[in-house]
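Novice: Following the hints, put chains G and V in place on chain P, whose structure we already have.
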Amino acid sequence: MLSRRSTLLAASAIAAVVGFSLPQAAHAADQVVKIGIDASLTGGDANEAELVKNGALMAIEEANAAHVVKGVKFEGYVLDDGTATAGQYDPAQAAINARKFVADKAVLGEVGPQMSGAAKAMIPIASWANLAMITESATNPAMTDPQNAAQYRPNGKPVFFRTVATDAYQGPNLANYFADTLKVKTLYVLDDSGAYGEGIADAFQAQAAKKGITLLGRDKLDPKAADYSAVLTKIKELNPDALFFGGVLQAGVKVVKQVYDILPHTMIKGGGDGLVGGEIFTAAGYPAAEGWYATQASPHVSDAANTKDFVAKYKAKFKMSPDDYTITAYDGTLVLIDSVKRVKEAGKPLTRENVRDMVATAKVPTLQGTVAFDENGDIQDKVISIFQAHDDKADTACKLEDASCQFKYIGVAPQS
Amino acid sequence: MTAVDVYLQQAINGLSLGAMYSLLALGFTLVYGILELINFSHFNVFMVGSFIGLGMLELFGVMPNGAALTGFALVGVLLATFAVTMLGSGVLGVLIERVALRPLRNIRGPASMITTIGVSYVLFNVILLSVGADAKNFPSPLPSVSFAIGGAVLRLREILIWVISLGLMGGLTYFVQFTKMGKAMRATAQDPEAARMMGVEVDRVIITAFFLGSALAGAGGLMFGLYYNITSYVIGFQAGLRAFTAAVLGGIGNVPGAMLGGIIIGLIEAFASYGFTAFGEHWLGAKWADVIVFSILVLVLVFKPAGLLGRLAPNKS
Amino acid sequence: MAVANVIGAQSSADQKAARQNGAIIALIGLLMLAFPFLGLAFQGLGFDWDIGDDDVDSMSLALGFVTLALGLNIVVGFAGLLDLGYAAFFAIGAYTYGVFTAYQIMPAWSSAWDIVAAVGLAEKVHRDGMDLVHFTLSFWLALPIAAGLTAVCGVVFGFPTLRLRGDYLAIVTLGFGEIVPIVFRNTPAVTNGAAGLNGVMAPQFFGHSFQVNPKPYYYVGLALVFLLIVISIRLRDSRIGRSWMAVREDETAAGAMGVDHVKSKLLAFAIGAAFAGMTGVFYVAKLQTATPDMFGFPVSVMILVMVVFGGMGSVWGVVAGAMALSMLQSWFLPSLTGWIHRGGEAVGNDWLQQVDLARSTELIFGLILVLTMLYRRDGLIPATRKQAALSFDAQNVQGVRRGGFDTVAAAKILATMPKRGGNLLEVRGVTVKFGGLTALNAVDITVPSGGVVAVIGPNGSGKSTLFNVITGLVPADSGSIKFDGGEILGLKPHEILERGIARTFQNIRLFANLPVLTNVLIGQHARLRTGVFGAILRMPGTAAEEKGALQRAIDIAALFGNRLTPRLNQTASALSYANRRRVEIARALATQPKILLLDEPTAGMNPAETLELAEQIKSLHGLGLTILIIEHKLDVVTQLADTVVVLDHGEKLTEGKPAEVRRNDDVLRAYLGRAATEAARAS
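Residue numbers (our numbering), protein chains in the order written: chain P, 5 to 420; chain G, 68 to 384; chain V, 85 to 767.
Some hints could be false.
Unchecked claim - Here chain P is said to cover these stretches of chain G; the calculated rule only asks that three of the stretch's residues, wherever they fall, bring their Cβ under 8 Å from a Cβ of chain P:
| hint | stretch |
| --- | --- |
| 1 | 73 to 79 |
| 2 | 197 to 209 |
| 3 | 268 to 277 |
| 4 | 284 to 297 |
| 5 | 301 to 315 |
| 6 | 354 to 365 |
To be verified - With a straight-line Cα cutoff of 27 Å, these simulated DSSO-like cross-link-like pairs (lysine-lysine) come out:
| hint | chain 1 | residue 1 | chain 2 | residue 2 |
| --- | --- | --- | --- | --- |
| 7 | G | K371 | V | K208 |
| 8 | V | K299 | P | K109 |
| 9 | V | K208 | P | K161 |
| 10 | P | K214 | P | K189 |
| 11 | V | K299 | P | K104 |
| 12 | P | K38 | V | K299 |
| 13 | P | K187 | P | K215 |
| 14 | P | K323 | P | K397 |
| 15 | G | K371 | V | K347 |
| 16 | V | K717 | V | K741 |
| 17 | V | K576 | P | K161 |
| 18 | P | K109 | P | K403 |
| 19 | G | K371 | V | K576 |
Said to hold, decoys possible - What follows is a set of in silico ranges between Cβ atoms, one per label pair, in the way DEER data are often shown:
| hint | chain 1 | residue 1 | chain 2 | residue 2 | range |
| --- | --- | --- | --- | --- | --- |
| 20 | V | E735 | G | L351 | 10 to 20 Å |
| 21 | G | L351 | V | D440 | 37 to 47 Å |
| 22 | G | L196 | P | K323 | 46 to 56 Å |
| 23 | V | G519 | G | F214 | 49 to 59 Å |
| 24 | P | P418 | V | R211 | 47 to 57 Å |
| 25 | G | R175 | V | E735 | 30 to 40 Å |
| 26 | V | E579 | G | R169 | 41 to 51 Å |
These aren't lab readings, by the way, just hints derived from the structure by calculation. Ideal placement from N, C-alpha and C gives every residue a C-beta, glycine not left out.
Looking at chain P on its own, in the form it has when it is part of the complex (with noise of 0.2 Å):
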């Protein structure tokens, strides 16, 4: 690879100031299966990003360490879906990436990309080679839903799973806490823009008028905006129950601060996993986070017994605390290599469409128990954890950056 790059750049006469390096004749025993890891390592979720990724790469290791395939030697092939300017994941990019993925014929599944609107760009493209991806956290419903078949199933079977719920249980099932667990009668609800934060709140919002919850208004929000007192004015003068908002950091932590400002600090306040994030508590910090409460869209594993060991192993090499999606992003990649190994088992090619079909018919056990997908490629077991940060002074040990510990687990939330 490398070779041929300096060759193209001699050509374009910019070697020449760089100098070569020589070809490498690196023949390894092993074939070579890329896995690639696609996450928003630019911009304000990159704390999270550098969380699952380092979660996809610990699972690659092991299975390397480990030789859990023979003959087959993992790479994790990283990219970043993230750009300066855009301050977060960058559509454009992420289909950009998801061509260099399909480009490469040594990957043979992706993990990731964190958020749905990545996903959105990627998918399709994906689907025309067949690769089948797993996301930790893209939880927007839309992608998995039969209807949309024709966008994201372009070439037929789907190649879109998740190990975690969507936004179709989280928004709702949180929306049935705040009207069952904390009664509340009125709500307002935001949203920033964004393919996911329009999406969990519309969810959310749905699920609230069934339930009785009378919404006073909703507003969308530009992410990049300095200043939302003119809106939260409104929310103040209509004075509701409840405040939702569906959006993730970049906009949340102004939201945060600006509604501790602004709004009674009584309100009860509530958005999806987009606001579990370290940058909540730095950015934003308490007072203001305090009694936010926020949704997993999957179960809380990261304090459970059977973790422990992965707990350890992971601050021990990466000096950061792994949270929910650190393990539903380990669990995806585990999933990737059980179906290497499968497709070899049965003695079949190594090809992206056989490792697909093995994705699809997957039950494999993970740290959040076995992971199993549906027809449409969602995972079987749907569960909603809720949180509610809290600011526990006496908890030394809890940094403030570490939002899974910030963040207190409340329990399971109520399916409808």
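Specialist: Leaving out everything else, chains G and V in the frame of chain P:
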């Protein structure tokens, strides 16, 4: 809250936004008045200013969620932070002029403007790469004092912004109107050749304009931090474009015009984001605020390029 | 004779260089055509190198940027309009294809859609128990449709804004560029809002979908680039391209030379927009996704960096710039990062292993922009080459000509008019006010057909204002100006030129960065007919017209003997003062004027040059050209003029034969003041 309270609250919000835009608009107007140059690097001098302020406050030991300061400590820390931030951004502005713009001063065409776009990009990315993409919690030394006016709330930070903006704008007006350098600036804006012949050192005038404009932008950046308690590498573009709209609306090159324009744009943004209800529907709202601001920019430039107060009419052919 | 030889030698050298360039371009073209298969060639030669699909994919993305840069180059490079919202047109093109193929935008089906479906533009789909319309616009049809639509958008947006001066225009376009994506985001019924359009259909070619195979995209991209290069070059070297450059260099002078600057700018804007529109279709078909966030200010800036880095106005420079920066992004930085990591491993440095240059791409773009502006403003491949100083031989290819023009040659070139009776130009009661100042007060001037009228007067007496009001650069408050029987007051400068009034300027307004030849060619603008399509298609008629125009320009320059002929390819700014005056006159003559307005033509010339020019003007007069001249040198006035008009403080002081005027008291007083007049009389 009653409807009157809401409008009062929006006016308070809008005036605070407007004060920041005014400070930033002054920098555009000073440089434009003298060089007829739209200085895109100004956008991110504002952003850098907020980070200098952040660094200073942390240096003084003011931490997020820490105890608020009072009395002399508060005044002292604020004064020192403003002084250093303004000095730092001012020097940054002068550096930009010296390194990137002076060699191009006599080049016809858009070369200088294109260069400022490049400088702006460099500042943006240097901050991004050095502090990271996540938003930063901006420590505030201000005690959370607020006054209720009916249902509307007026907080200490709003009063602070108004007072400091007014002070800085007053100081600038005095400087431009009454000091020798200020007069030299106005003379250069009118006719640089004639000013040069009358013994005005045009280089010094230009450097002063860059210094003052950038220092005001830095002060604006610091206020942004104190007001929103947050800053990040992306804040420059939107604020800058709105401030530029403000400068154009007031009449670019015109100092009082920039102040007036800033206030108007701030108020428009606040009220447009709030929107209004008519015929049973809610109109406008936050998502249209940008479109409204930029439409004003386009319409003013097309139909009344001299702005509300007009230029001081330097007539360069 | 010698002239032909030296010019011949020059052009044969040019031809040789052109052949060389042509060979290089052909070679690069061949390499590009073969690029996806070069890996096979390498392997055939025994190298372990491959061109993978990922490389072809990166390259086709780069080609997309080349087409964008070529489009922006027409707007910024050729026409000099700094457009900071160029990505908006890119977005409009992308959404044109996206909306009409994506599954997000599906109105309800009714039988009216049968017709649309019958021609293959829509199909019926069934969802949620409803019949819906899914549009299936063909990629190949979308290309011209998007080009047309964005061109129309360009005109609609450009019409009110293009009259703004350069820096204001930049800001207005920036605002426009911001508004378009926001409107897309806020109108989900048409665009699916923030979520954008996914699953945009891949192009099909005779029933075969491109899917994700990068090669067909690559070849479509290559074909687009080829097409746009040809269009760019043909436009550049045509009447249209010259009018853009004229407007870029000096809008006022361009107007006075017959270029309608509004039309010219709109044309540039529309064509640039059309390029972006086509690229938008290509881009969205390739990425199969479109969201409002893909088309913001950073995209506009990136394309601008490519144009600036390559060389504004230089077609090959822009191609090279866009290619280089795209490759920097997709190959060079990742590779360099890899090498640094390897180096870091070798020396055991953790920090080096963490470096990721790809994240610094935008920083590097910013630095490139600044450094290019500071140290290489003309870019990688400048649009105009620096001309070497002329050799002695070259300077003297033609014999030195003293005295007037070669009337035989001149008569052939100039469309001379027979002397007729009557007045050609009648200025009646023209008043011009600037604020409180009256620059002209009810001035009457009559220029008989075939006559020479001189206007004299002290500085500030309104002479140049008179010229400006005649040529339409300044509006009159009252009065009338009749030319050749028709009223011309209120006409635009280019319309006035078309009637047959050409002028020179007191402070010389040539198109300074353009060659002498091009300057003279621009003078012929109003007399040529080539339009956009003619220029692009270059049919025989167009080619003949262009050839004739070129020959005429060379002939006109040749009237000045060896003054201009050897310097035809030099930029106007490189000429001496006197030669610049001559070029300006040549340019005015090229417009085929009926009347020539000369504003202090001999200013700054030495006595010998002044004499030469006076003789030349005399010979123009001899050929029947009517002349109105502003001149300070009274001996020149005496020698040339039939009638002298004296202006003072915007009023006509007197009018008469040169000899009479010289003796007029009022004139002396106006020029010299009262005391001096007394002294003059006394002596």
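Novice: Would you mind marking each hint as holding or not holding in the structure?
Specialist: Do the hints match the structure? See the list:
| no. | hint | in the structure |
| --- | --- | --- |
| 1 | 73 to 79 | holds (count 3) |
| 2 | 197 to 209 | holds (count 6) |
| 3 | 268 to 277 | violated (count 0) |
| 4 | 284 to 297 | holds (count 4) |
| 5 | 301 to 315 | holds (count 5) |
| 6 | 354 to 365 | holds (count 3) |
| 7 | G:K371 / V:K208 | violated (51 Å) |
| 8 | V:K299 / P:K109 | holds (15 Å) |
| 9 | V:K208 / P:K161 | holds (22 Å) |
| 10 | P:K214 / P:K189 | holds (12 Å) |
| 11 | V:K299 / P:K104 | holds (13 Å) |
| 12 | P:K38 / V:K299 | holds (23 Å) |
| 13 | P:K187 / P:K215 | holds (10 Å) |
| 14 | P:K323 / P:K397 | holds (22 Å) |
| 15 | G:K371 / V:K347 | holds (22 Å) |
| 16 | V:K717 / V:K741 | holds (16 Å) |
| 17 | V:K576 / P:K161 | violated (65 Å) |
| 18 | P:K109 / P:K403 | violated (42 Å) |
| 19 | G:K371 / V:K576 | holds (22 Å) |
| 20 | V:E735 / G:L351: 10 to 20 Å | violated (58 Å) |
| 21 | G:L351 / V:D440: 37 to 47 Å | holds (42 Å) |
| 22 | G:L196 / P:K323: 46 to 56 Å | violated (21 Å) |
| 23 | V:G519 / G:F214: 49 to 59 Å | holds (50 Å) |
| 24 | P:P418 / V:R211: 47 to 57 Å | violated (30 Å) |
| 25 | G:R175 / V:E735: 30 to 40 Å | holds (37 Å) |
| 26 | V:E579 / G:R169: 41 to 51 Å | holds (43 Å) |
Checked against the numbered hints listed earlier, the structure breaks hints 3, 7, 17, 18, 20, 22 and 24; every other hint is satisfied.
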